[in-house]
Amino acid sequence: MGRDIKKKSEVRSQESGEKTPRTGKPDLSVNIAGIQLKNPVMAASGTFGYGEEYAPYLDLNRLGAVVVKGLSLKPRQGNPPPRIVETAAGMLNSIGLQNMGVEIFIEKKLPFLKKFDTKVIVNFFGDSIDEYCAVAKVLDGADGIAGLEMNISCPNKQEGWLEFGTNPDLTFRVVSAVRKSTKLPLIVKLSPNVTDITVLAKAAQDAGADVLSLINTLSGMAVDVNTQRPKLGNIIGGLSGPAIKPVALKMVWQVFKTVKLPLIGIGGIMTAEDAIEFMLVGASVVQVGTVNFIDPQASIKIVDGIEDYFKKNKIKNVKEMVGSLRI
Amino acid sequence: MGRDIKKKSEVRSQESGEKTPRTGKPDLSVNIAGIQLKNPVMAASGTFGYGEEYAPYLDLNRLGAVVVKGLSLKPRQGNPPPRIVETAAGMLNSIGLQNMGVEIFIEKKLPFLKKFDTKVIVNFFGDSIDEYCAVAKVLDGADGIAGLEMNISCPNKQEGWLEFGTNPDLTFRVVSAVRKSTKLPLIVKLSPNVTDITVLAKAAQDAGADVLSLINTLSGMAVDVNTQRPKLGNIIGGLSGPAIKPVALKMVWQVFKTVKLPLIGIGGIMTAEDAIEFMLVGASVVQVGTVNFIDPQASIKIVDGIEDYFKKNKIKNVKEMVGSLRI
Amino acid sequence: MEKVLYNEKILPLYYKLGMSWEGLPAIEPGQFVMLRITEQVDPLLRRPFGVYKILGLGAGGQGSEGSEQGIEILYKVVGKGTKLMANLKPGYTVDVLGPLGNGFQPISKVGSVRQNQRIIMAAGGIGIVPFYLLAKNYHLSSISLKLLFGGRGKDDLPGLEDFKKFGIDTAVSTDDGSMGKNGLVTDLLKKELSKKGDCVVYACGPKAMLKAVAKMAEDADTPCYVSLDNAMACGIGACLGCAVKIRGQGSGVRSQKSKAFSPYKMVCKDGPVFDAKEIAWEEI
Amino acid sequence: MEKVLYNEKILPLYYKLGMSWEGLPAIEPGQFVMLRITEQVDPLLRRPFGVYKILGLGAGGQGSEGSEQGIEILYKVVGKGTKLMANLKPGYTVDVLGPLGNGFQPISKVGSVRQNQRIIMAAGGIGIVPFYLLAKNYHLSSISLKLLFGGRGKDDLPGLEDFKKFGIDTAVSTDDGSMGKNGLVTDLLKKELSKKGDCVVYACGPKAMLKAVAKMAEDADTPCYVSLDNAMACGIGACLGCAVKIRGQGSGVRSQKSKAFSPYKMVCKDGPVFDAKEIAWEEI
Ligand SMILES: Cc1cc2nc3c(=O)[nH]c(=O)nc-3n(C[C@H](O)[C@H](O)[C@H](O)COP(=O)(O)OP(=O)(O)OC[C@H]3O[C@@H](n4cnc5c(N)ncnc54)[C@H](O)[C@@H]3O)c2cc1C
Ligand SMILES: Cc1cc2nc3c(=O)[nH]c(=O)nc-3n(C[C@H](O)[C@H](O)[C@H](O)COP(=O)(O)OP(=O)(O)OC[C@H]3O[C@@H](n4cnc5c(N)ncnc54)[C@H](O)[C@@H]3O)c2cc1C
Ligand SMILES: Cc1cc2nc3c(=O)[nH]c(=O)nc-3n(C[C@H](O)[C@H](O)[C@H](O)COP(=O)(O)O)c2cc1C
Ligand SMILES: Cc1cc2nc3c(=O)[nH]c(=O)nc-3n(C[C@H](O)[C@H](O)[C@H](O)COP(=O)(O)O)c2cc1C
Ligand code: FES
Ligand code: FES
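Top to bottom, those sequences are chains X, G, E and S.
0 is the number of the first residue of the first sequence in numbering that gives the first Met the number 0; add one for each residue after it.
0 is the number of the first residue of the second sequence in numbering that gives the first Met the number 0; add one for each residue after it.
0 is the number of the first residue of the third sequence in numbering that gives the first Met the number 0; add one for each residue after it.
0 is the number of the first residue of the fourth sequence in numbering that gives the first Met the number 0; add one for each residue after it.
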């Protein structure tokens, strides 16, 4: 295609798709596992509703993709309140995966999202391998979905409530099974609450994942010293926000050095600089979560900021950046 | 002893020592594994030098204990700079365990600390089981040491650089060996970078630890987008400060429910309220680390704040508080 | 980014914050905004605040005083965000998201109220906030307004003078007897509910108070709307963080759009004002 | 907690912050303080700043202007901490830890300097800070002072007018030629070192500049002291975070107290001023 691409780092993202980049304008597009994104910024699952909620506040067309709130086969009511609490530079949530179920999603929410020129990635989960596969099959049949993101930070009801995402054998089994249940590009979202995330990353890769996204929330807790009670109804929740960025960056870097799959970096991204840190350590794409609550336009500011950075540093495209950390 | 002690929660700390508490003044003393502390606040290892550095800024006599910077058998030069970087509500350090070695410590630093009416806890480490034992033996022979704190977040040079603290078998072996090398009370300091900290806690308990302290720093990383280089000379460092408090609290709570040993809670404590959160989830004692850098008097303010809280809530002693979370 | 016009301490812990707002939209009594007060990440999340007053001419002619369009927030300093807010000075900027949520149902839509229409506003402390705009909407109408205002002490009755200026019929109670009746706002409500004629109760205050108010209204078979204040992250129904448990099937005023019944509603989007009968008070 | 007396923008990115300090201790040129500017946890750590001026009568009669005892900080806005500092207003409080570290060696202790004593101060941008107190110590003495002051442009020469007022012999260079000589401060230094007579070089500025200065001084066999500015956490030698690599055995001016040789010194405690010969420049 005649574009001069420096072979500066290992190439993770496949050939960029924009055929005729405007002169001087960096090419922000990126293709992961066949999903052609106009830019490497996605809204993270659970922090952006079904897109609809944020549509009045930003132009959804400007996003690389929207990842919707995690879906299960049947509706789930979620955990008792209180469900959120702020912590130092972070927040704990114990939403408990409340959702309307995959079928109502397809009927009521997907049509709205399809109207926009952005990709729809559907985050989903189950409490058994069968449920994971059943959800994936339903989604496989729906129109307008660019890819699936499997949340494996869920306990396995059938096998001692061990989390799928903390045991390489379970990870391998659930990902393999889902892989057979759908033809859609399959993103596996890794849990950070593990001794060695590269072992889980390899298990997911071996089982047929197309892309890995990381990290999900860190397990955490907060206590109200006045009532002497936990601040969350569920006692334990998931920590997100800038507090966790150093942990996320380190895990992306480790996984980048270990597996060959394209990576989606997630965790505490507030600004374009944060996003670029993730790209430097090996993320082809980033997801922004908690920051949506703080500034509904943050994701778009991040897209613009990445473009500015590319211009300033004469970077032609995403590929050139990914994993180009100088050590 | 005639004091009316509510059996509100499981009793972890042994009988409080102050014989005749002044009327109305809550008893902050606590005894863990025979170490009689005047209050449940210690300065955490690596954040308080050898006490000496902070002596001009606060009255060391007011602290429950000082835990000194980690010592090894021989002096260590530590990691190349930069060694610290601030992150959101936290900091990463890659000091790399620089220290003068246990012998010089005993000769040059211990005499100063012995002059104060506070307990001296010596934090130490090794890169082999033999080194751990050798350090413990040297310390066992020294006078003026109230207890040892084993940092097991160190790679095992002899067995594939696997961290002692991330593998229950290694944890068991190194703690068992050290247990035989010293008669001093033995605190084992757990790493949070594990899938299930209770497994490691049990291994340490089974191996003969007297007390568990947790958590050490979370593994993390930061990148300079201007230079495209890691912000730490060592690339990866340890995350501490308020950012990690939710993770630490949750781990203390989990371990409290799992083992019988008294616990020392560490991680992001800035205020007395933070310390009380840790006590409510099961810590008999707390250590304050990063906050010493921000306010050299923080540890004493925390002691005073705990006393105020006890008064306000009519809590008679530490025992009554520990693990008394209402759920 | 909106400009701070003033930030005035009115009582030891209470402040009034005036902010300009170009192109001010219409705001219902009971709606709120989410404020971001710092660019730092501590505090991290926006904080929700009701709109107390409309400044300038306002959309729909709601405004009252001053010339610049904007809103006034009445807030209490309780934690780190509000402590920072207390440092705001004229000319500083604040990031405002809103107006958000559903305010109080206009009395015309409260079906069972037919004759001698009367609105009882029951406020506890900072719970006074939504009632200024509400009172403004009705004080020149044929509907009679009564404010019941309770606080811990005389320093916990913020904005009382504003309602007096309006000429709103007000009864005050304090826990410590330092002003008005010594007792709870529910004592005042009991008396008020025993009076003749249809009425509707609008309430805002601490959860325990709202629970008691809801019970009294239910017992008196009086329509009652309460404004809740759960902790929030997004403020727009996206995070599902501000959930409140609602009673089983067939209770709510607002229809359940999805086939699957969820026992939770979102305070930010479905509320913050709810029909008191909708709420599963036993779980609060 | 010290009180802010003034906080004045002197150039687009540079401010002077005056703070009262009761019982002000003696402060050597080159010493610094650690400031905590917020009670929030972002920014979390204290930030190190050199002491630019002594206000009021000061300990040891160091002070110059104003009547209240205190210090003046001269700072550049580079990140979130200094951005917050720029918002400080008179009356706000700041938490100051210090004075810390070791300042510049008095020339009397610099062994090799015997005749025609001359001090060359080489400053890059904000690196000017330690030289105001240093100049004050010598400008009435028999020692001749020369300030070489380099910046990117004319807006990067903060405090220049203060030295002019003093009557200090000053040469200026800018990278963009907008003031003084077009070039680097090392160009000025080259000329200065070629002059006759013993001299000592004191330098403060970016690492690359200090490295070049150290090399030139070494080549000219001239004593040279540099002030380093590594990132710091504790500021008092406890965290071992601000390490700088030093050259092997037998180099340093300050004695090595421990038996075991450590290749690192702490900028906060052993410095921030070091004999340039001590530093392992090849690793910086
Ligand atoms: C819809 C809505 C409207 C509101 N309107 C107003 C208003 O007009 N004026 C006003 O002063 N306040 C109002 N509040 C409450 C206000 O949002 C909180 O007081 C504020 O968020 C506290 O922030 P902080 O950082 O100062 O306290 P934090 O440091 O976050 O917390 C301090 C203490 O306050 C408690 N707290 C925090 N948030 C809430 C909350 N939402 N409800 C109850 N307790 C809380 C915490 O548990 C803690 O004990 C409203 C809340 C909601 C949800
Ligand atoms: C002994 C000493 C004396 C100092 N004296 C002064 C002084 O008198 N006036 C003054 O303006 N500054 C001085 N500095 C530098 C000052 O401490 C930093 O500029 C400040 O800490 C930056 O804080 P920030 O939060 O604004 O920047 P951050 O948001 O922390 O960082 C912004 C940028 O500045 C860089 N940075 C941060 N800290 C330093 C540092 N210590 N050195 C170099 N780059 C850094 C970061 O890498 C980043 O690129 C001194 C530093 C030291 C160690
Ligand atoms: C309120 C909330 C709900 C979330 N729900 C989901 C979810 O349903 N599925 C999922 O995979 N991740 C979920 N996450 C995790 C985020 O997608 C993201 O991995 C995490 O928040 C870290 O990114 P951040 O720091 O940018 O928020 C949720 C996070 C938050 C804060
Ligand atoms: C600069 C620094 C050095 C540390 N050195 C040690 C050490 O030598 N041994 C050890 O066990 N822990 C060490 N720690 C970990 C602390 O003791 C503590 O476990 C951790 O910082 C979490 O507590 P905090 O959030 O209160 O700082 C160090 C921490 C910091 C910040
Ligand atoms: S605050 Fe996010 S749903 Fe209500
Ligand atoms: S900053 Fe802690 S040792 Fe220098």
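Just so you know, the hints here were simulated from the structure itself, not pulled from any lab data.
For clarity, every value in this text was computed on a predicted model and none was experimentally measured.
You may find that some hints are simply not true.
Quick list of simulated restraints, FRET-style, between CB atoms [what the hints assert, rightly or not]:
no., chain 1, residue 1, chain 2, residue 2, range
1, X, 142, E, 85, 50 to 56 Å
2, S, 246, X, 205, 16 to 22 Å
3, E, 281, X, 116, 43 to 49 Å
4, G, 312, S, 246, 54 to 60 Å
5, X, 154, E, 282, 23 to 29 Å
6, G, 256, X, 73, 28 to 34 Å
7, X, 227, E, 85, 47 to 53 Å
8, S, 214, E, 85, 38 to 44 Å
9, X, 205, G, 310, 42 to 48 Å
10, X, 205, G, 35, 52 to 58 Å
11, S, 246, X, 225, 53 to 59 Å
12, S, 85, G, 226, 54 to 60 Å
Covered stretches of chain G (chain S as the covering partner; in silico rule of three or more C-beta atoms under 8 Å from a C-beta of chain S) [stated by the list, open to error]:
no., segment
13, 147-156
14, 205-217
The beta-carbon is built from N, C-alpha and C at its ideal position, and this holds for glycine as well.
Q.
To test your reading of the hints: which numbers does this structure violate?
A. Going through the list in order, the structure violates hints 2, 7, 8, 9, 12, 13, 14 and respects the others.
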